[in-house]
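Novice: What follows is each chain in one-letter form.
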Amino acid sequence: MINYLKNIIKGFSTILVGMKVTFINLFRPNVTVQYPNVHPLVRAGSDKMPDNARNKLNVIIPKCTGCKSCEKACPVNCITIETTKVASIDTEKPLMEDGKKRVFWLSQFDIDFAKCCFCGLCTIACPTSAIVHSTDFEYSCYDRNELLVHFSPFNKEQVAEKKRILAEEVKQKAEKALADKQAAEKAAQEQNITDSKIKSSDDQTSANQNIQNNSN
Amino acid sequence: MENHQFLFNFISEYTGDILAGVLIAIIPLALLLVYALVAIYGELKIASFIQLKLGPMRTGKWGLLQPVAEVFKLLQKEDITPDGADKPLFNLAPFIIFLGCYAALSVLPLSSHFAPSGLNIGLFFIIAISSLAVLGIVMGGWASNNKYSLIGAMRSVSQIISYEIPAAMCILGVASMAHSLDMNVISAQQQGGFWNWYVLGGPAGISKIWLIPFTVVMFIVYFVTSLAETNRTPFDVPEGESELVAGYHTEYSGMKFAFFYLAEYGNMFVVSAIMTVIFFGGWSSPFGDFLNSPIWQIFWFIAKSMFFVGLQIWLRWTLPRTRVDQLMYLCWKILLPLSMVCFLAMALGGMLY
Amino acid sequence: MNLEAVIFYLFALIIVASGGLVVLSKNIMHAAFALMFTLFGLAGFYAMLLSDFLAVSQIMIYVGGILVLIIFGVMLTSKITGVELKTGPIGKVNYLFGAAISVIIACGLSLLFTNSKWIEKPVDKIPDSSINAIGYSLLTEYILVFEVAAVLLLIALIGAALIAHKDQIIDSDASSNEISTNNDIKIKE
Amino acid sequence: MGLLNALDNPINADGIILGKVEDLFNWGRAKSNWFLQFGLACCAIEFMAVNASHFDLMRFGNIPRSSPRQADYIVISGTVTLKMAERIKILFEQIPEPRYAISMGSCANSGGPYWQHGYNVLKGIDRVIPIDVYIPGCPPRPEAFEQAVLKLQEKISMEEIFKKRERVAQEDKMLESMLKAEENNFIENVNKHI
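So the protein sequences, as listed, match chains A, B, C and D.
Using our numbering, read the first sequence as starting at 1 and increasing by one per residue.
Using our numbering, read the second sequence as starting at 1 and increasing by one per residue.
Using our numbering, read the third sequence as starting at 1 and increasing by one per residue.
Using our numbering, read the fourth sequence as starting at 1 and increasing by one per residue.
The hints are simulated quantities; they were obtained by calculation from the structure and are not laboratory data.
Some hints here could point you the wrong way.
[What the hints assert, rightly or not] Covered by chain A, per the in silico footprint, the following chain B stretches (three or more residues, Cβ under 8 Å):
| id | segment |
| --- | --- |
| 1 | 49–63 |
| 2 | 313–323 |
[Stated by the list, open to error] List time: in silico DSS-like cross-link candidates among lysine-lysine, alpha-carbon distance up to 27 Å:
| id | chain 1 | residue 1 | chain 2 | residue 2 |
| --- | --- | --- | --- | --- |
| 3 | A | 20 | A | 63 |
| 4 | B | 87 | C | 26 |
| 5 | A | 6 | B | 333 |
| 6 | A | 85 | A | 100 |
[Unchecked claim] Derived Cβ-Cβ restraints for the label pairs, each shown as a range:
| id | chain 1 | residue 1 | chain 2 | residue 2 | range |
| --- | --- | --- | --- | --- | --- |
| 7 | B | 62 | A | 125 | 48 to 54 Å |
| 8 | D | 193 | A | 160 | 29 to 35 Å |
| 9 | D | 24 | B | 311 | 34 to 40 Å |
| 10 | C | 94 | B | 15 | 19 to 25 Å |
| 11 | A | 175 | D | 127 | 48 to 54 Å |
| 12 | C | 16 | B | 195 | 31 to 37 Å |
| 13 | D | 183 | A | 153 | 51 to 57 Å |
Positions of the beta carbon are idealized from the N, C-alpha and C atoms, including for glycine.
From just these sequences and the hints, can you work out the full model?
Specialist: In structure tokens:
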């Protein structure tokens with residue numbers, strides 16, 4: 001009987017203790033971060049975006065050498081890189097960030113953020129730290145295809161154009177090599193014919209340049 | 001009190017009796033709807049503040065329009081009746097539950113001059129009519145053709161029927177002290193300051209002091225049973241999310257679910273109002289004649305009731321859910337003996353004073 | 001036709017319609033819930049006869065107590081044993097038989113009502129409440145009946161407790177794993 | 001008299017009254033989103049964080065419901081195995097219209113790390129249910145989830161209610177005529193072969 005009464009009193013008193021705790025909490029200041037009003041990047045103090053936050057990946061194209069080590073390092077194969085050699089006859093002569101001459105165009109640099117697991121292995125693998133975690137996390141979208149981000153500065157036509165220039169150069173070189181061969185064969189005999197061929201190809205490159213200017 | 005039908009007479013002087021009745025009947029409905037919006041907002045906000053967060057903030061100023069948005073949302077939701085459900089019963093159940101809560105509101109005296117129906121056995125009527133909620137719950141649970149609904153309904157019925165006994169004991173105790181079942185009369189007896197409230201032994205002068213512990217314990221017992229009768233935490237085993245999906249209203253969507261929601265909050269108000277009437281002086285002012293005019297009495301009544309609604313919400317966010325057998329243990333082995341002892345003491349008090 | 005007559009016929013309609021549903025419905029749950037409306041209509045009649053206490057008691061005992069018990073029983077048996085609770089096909093002969101019996105009963109009742117001499121007495125003063133009168137008569141005139149009923153209920157309570165208790169002792173090995181109430185724990189102690 | 005004409009034909013694009021009603025209804029639906037308590041994998045942990053005090057999803061009017069019948073949207077938070085995909089489909093179909101779905105994290109978006117070799121993982125939840133908002137991340141930040149909820153609200157508030165009905169009726173008519181044409185073709189083919 002005494003235990004029974006003690007049990008009752010203990011039960012009610014512990015409930016009162018619990019109610020006291022919640023009552024104190026009722027008037028304590030809240031800890032909520034009001035996200036759209038207070039952006040985590042703007043908000044100073046402890047809640048700043050951490051340095052190693054795994055947000056959207058960003059590719060700094062001038063730094064990228066097109067070595068594809070990030071593509072190899074990616075555990076889920078969500079990076080697709082395609083490079084196109086810079087043609088020597090191309091009038092555009094890009095430079096790397098450090099001033100070196102660029103050897104490859106990045107005709108395609110796609111990261112599928114729908115597949116990416118944001119592990120950051122690509123950022124470690126990159127020799128020039130061209131691929132880094134940015135602080136952008138607000139890129140949810142209505143369509144999944146929007147998550148396939150193209151980092152390459154070229155659109156499809158420009159890529160085709162670059163490829164065409166490259167093909168032209170290869171063709172030219174082949175022709176030149178052929179011509180050289182022929183010239184070597186008929187070195188002393190017929191020099192006038194090769195001169196005229198080089199002249200005609202010069203005309204063609206200037207035409208290409210015009211087209212590119214129009215498209216830009 | 002003879003003049004509790006003051007408003008009815010006033011209206012029927014200018015219109016017909018039937019029209020006056022309809023107009024009078026609309027008042028509790030409007031009260032219920034407005035109260036439900038306030039209570040839902042209060043529940044969300046108090047829950048959030050207790051958890052150190054903010055609650056609805058972006059719907060109107062401080063999220064004040066959140067319940068309104070919910071009403072508009074629920075109006076548009078598809079009204080699903082499951083294929084295997086018992087369609088007539090499934091569709092009837094929410095209205096039966098709502099009917100129970102609305103009928104109970106009809107006898108609450110909001111002021112000495114206004115009770116929608118001045119029934120002289122109001123307390124008894126409320127105990128009886130609240131059993132309609134049980135039937136509605138069984139109806140909904142059984143007709144849903146869902147085992148979780150059925151288990152929830154069975155738990156709810158066993159719980160409400162068991163807890164009706166201590167609740168009736170509390171009400172009987174006060175009735176034996178007040179010599180009346182009329183809620184208006186009971187409220188009127190407690191006029192003249194909070195010292196006359198039945199939770200402090202009733203209007204009997206200084207010699208009632210020995211009665212105070214019993215009445216306070218009786219009030220605590222009634223508060224606990226009221227939590228159980230409205231299926232609120234810590235006694236919300238009928239809709240325990242961790243065991244049954246959502247209990248008896250698992251299969252309900254759209255407006256039918258809104259009726260369940262409304263009835264739950266309405267029942268909270270009804271039990272709080274009963275608590276106010278039988279223990280805390282009903283519409284009477286706590287400071288004697290200070291602000292005790294019929295208009296102010298409405299304010300006092302609603303303020304006291306809302307205080308107990310707030311207490312229920314506060315308790316909900318404090319305590320975890322009890323187990324079913326603990327629930328029954330609490331009812332039959334603790335609350336019932338306690339209420340019986342207190343009932344004997346209060347009956348003695350009723351005989352003496 | 002005044003307002004009271006309208007209300008009377010409204011209640012009568014409810015009672016007759018729901019009573020018909022109780023008899024004719026093939027689904028037992030539907031019948032049980034239709035019974036609720038019948039009992040409510042009866043409560044309305046009591047209220048119209050100025051016996052408000054009886055009306056509320058009707059709701060409390062029949063709707064809140066007995067009907068819930070009926071439904072509980074039906075629910076448990078149908079859902080747990082998997083037996084579909086529906087009345088089978090009745091057959092024309094049985095229909096005729098039932099109809100004949102009900103017609104005979106109806107005729108007998110109406111004969112009884114029309115032939116018996118009812119004492120018509122005007123109500124001089126509407127009583128404030130019937131509770132006082134009921135309380136006085138229960139504790140003075142009908143004290144013996146009241147006490148006997150109380151003793152009967154007590155016996156029923158004790159019997160129910162005893163039956164429940166005995167079952168638990170017998171099946172304690174089998175059921176202790178499934179149902180562990182506080183009673184069980186105490187018995188083991 | 002643009003205004004009066006608009007009142008004459010409220011269903012049209014210039015409808016003022018119905019336009020306002022539509023705005024009101026869209027506002028209600030946008031501001032009160034009840035979500036289904038449903039977690040699949042590690043993203044669910046982040047989802048819990050969103051609901052907890054620091055990031056407080058309730059600020060946007062999002063309240064947890066445990067029954068799909070009362071929910072408005074479902075959050076696919078984590079890896080969807082083929083076995084679970086069926087359940088998700090059932091759960092989504094149990095949500096009453098208008099219903100929405102948010103795909104959270106890479107696994108739900110497209111299979112994530114398992115998109116190549118995960119023989120038991122669904123390659124994108126949009127193969128099973130229509131998704132409204134995709135959140136990239138593994139797992140996404142809680143703020144990213146909140147931004148997705150805002151985007152969902154934006155989408156809901158721009159929906160059409162009244163014109164949609166007309167459009168659906170037109171589409172139904174077109175579909176019917178197409179079906180009839182197909183049927184005729186089929187019959188002709190059969191006749192040819194006979």
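Novice: Indicate, hint by hint, whether the structure satisfies it.
Specialist: Hint check results:
1. 49–63: Per the Cβ count (7), the hint holds.
2. 313–323: It holds: at least three residues are needed, and the segment 313–323 of chain B offers 5 whose Cβ sits within less than 8 Å of chain A.
3. 20/A with 63/A: With a Cα-Cα distance of about 61 Å, the restraint between residue 20/A and residue 63/A is violated, given a limit of 27 Å.
4. 87/B with 26/C: Holds: residue 87/B and residue 26/C sit about 15 Å apart, inside 27 Å.
5. 6/A with 333/B: Cα-Cα ~14 Å, so holds.
6. 85/A with 100/A: holds, 15 Å
7. 62/B with 125/A: 48 to 54 Å: holds, 50 Å
8. 193/D with 160/A: 29 to 35 Å: About 47 Å separates the Cβ atoms of residue 193/D and residue 160/A, which means 29 to 35 Å is violated.
9. 24/D with 311/B: 34 to 40 Å: holds, 35 Å
10. 94/C with 15/B: 19 to 25 Å: Violated, at about 54 Å.
11. 175/A with 127/D: 48 to 54 Å: Check passed, 51 Å falls within 48 to 54 Å.
12. 16/C with 195/B: 31 to 37 Å: The hinted range 31 to 37 Å is violated for residue 16/C and residue 195/B, with Cβ atoms some 55 Å apart.
13. 183/D with 153/A: 51 to 57 Å: holds, 52 Å
Hints 3, 8, 10 and 12 from the earlier list are contradicted by this structure; the remaining hints agree with it.
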